[in-house]
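Engineer: Sequence:
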Amino acid sequence: MEETDPENLRENLSAEQNLQKWKLVEMSGNVANVPPSTGSSMAWQEYYELRPDHTFVKSREQDSGVIEETGTYAFVTLPDGEYLELTYDADNDLIGNCTSDSKELLFLQAENKLIGTWQACDGPGLVYEKVE
60 MEETDPENLR ENLSAEQNLQ KWKLVEMSGN VANVPPSTGS SMAWQEYYEL RPDHTFVKSR
120 EQDSGVIEET GTYAFVTLPD GEYLELTYDA DNDLIGNCTS DSKELLFLQA ENKLIGTWQA
180 CDGPGLVYEK VE
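At position 24 of the sequence shown (counting the first as 1) the number is 83 in the numbering used here, and the numbers step up by one without a gap.
For the record, the hints were derived by calculation from the structure and aren't laboratory data. All figures in this text were calculated on a predicted structure; none of them were measured in a lab. One thing to keep in mind: the hints can contain errors.
Stated by the list, open to error - Taking lysine-lysine and the BS3-like style, the derived pairs with C-alpha atoms no more than 30 angstroms apart in a straight line are:
1. K172 / K82
2. K82 / K189
3. K172 / K189
4. K162 / K189
5. K80 / K189
6. K172 / K80
7. K162 / K80
Claimed, not checked - The calculated label-pair distances, taken between Cβ atoms and stated as ranges, are:
8. V93 / A133: 26 to 36 angstroms
9. Q121 / D150: 10 to 20 angstroms
10. D152 / A179: 13 to 23 angstroms
11. A179 / T136: 17 to 27 angstroms
12. T146 / V93: 30 to 40 angstroms
13. T136 / S99: 34 to 44 angstroms
Just so you know, even glycine gets a beta-carbon here, dropped at the ideal spot from N, CA and C.
Could you build the full structure based on these sequences and the hints that come with them?
Structural biologist: Structure below.
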């Protein structure tokens, strides 16, 4: 897949006036030589819905149940690139981060790919793709 300029990606996401759905497509752990899991072999199914008003819904299906949480999102520039910053309305079990706050960061890798940052502190590696 061809990578895009992160600044253009930010502009495209900001300018889009429709709901966007980003689905978890790959999950990896910290064990060397173990391939990532995909599809139904992942520990859970998950997606983000980004709305034009800069609110989001995160939904996770696990063990035959569905949990949803909400919040707001913004784009932030850090020294290593562009990120989607999700701020949850309340602390919850769906927040995948390395801190104890109610925020989550996803790296904007390509026009249709977001990479979770939870793996930096022994969480799973999570890759999301935009659903057309």
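Engineer: With 17 to 27 angstroms as the target window, see if A179 and T136 comply at their CB atoms.
Structural biologist: holds (18 angstroms)
Engineer: Just to be careful, I want the Cα atoms of K172 and K189 compared with a cutoff of 30 angstroms; is the pair within it?
Structural biologist: holds (6 angstroms)
Engineer: Quick check on a hinted range of 10 to 20 angstroms for Q121 and D150, using CB atoms only.
Structural biologist: holds (18 angstroms)
Engineer: Is 30 to 40 angstroms respected by the C-beta to C-beta distance linking T146 and V93?
Structural biologist: For V93 against T146, whose Cβ atoms are near 33 angstroms apart, the range 30 to 40 angstroms holds.
Engineer: Take the C-alpha atoms of K172 and K80, compute the straight-line distance between them, and say whether it is at most 30 angstroms.
Structural biologist: With Cα atoms ~11 angstroms apart, K172 and K80 stay inside 30 angstroms; holds.
Engineer: Is the gap between the beta carbons of V93 and A133 within 26 to 36 angstroms?
Structural biologist: holds (34 angstroms)
Engineer: Tell me if the straight-line CA distance from K162 to K189 falls inside 30 angstroms.
Structural biologist: holds (21 angstroms)
Engineer: With a cut-off of 30 angstroms on the C-alpha distance, tell me whether K82 and K189 pass.
Structural biologist: holds (6 angstroms)
Engineer: Are the Cα atoms of K80 and K189 separated by 30 angstroms or less?
Structural biologist: Status holds; Cα separation ~6 angstroms.
Engineer: Can the restraint linking K162 and K80 be considered satisfied, given a maximum Cα separation of 30 angstroms?
Structural biologist: Distance of about 19 angstroms is within 30 angstroms: holds.
Engineer: For the pair supplied as a hint, K172 and K82, is the alpha-carbon distance within the 30 angstroms limit?
Structural biologist: holds (10 angstroms)
Engineer: Taking 13 to 23 angstroms as the hint, is the beta-carbon distance of D152 and A179 inside that range?
Structural biologist: holds (19 angstroms)
The earlier numbered hints are all upheld by this structure, with none contradicted.
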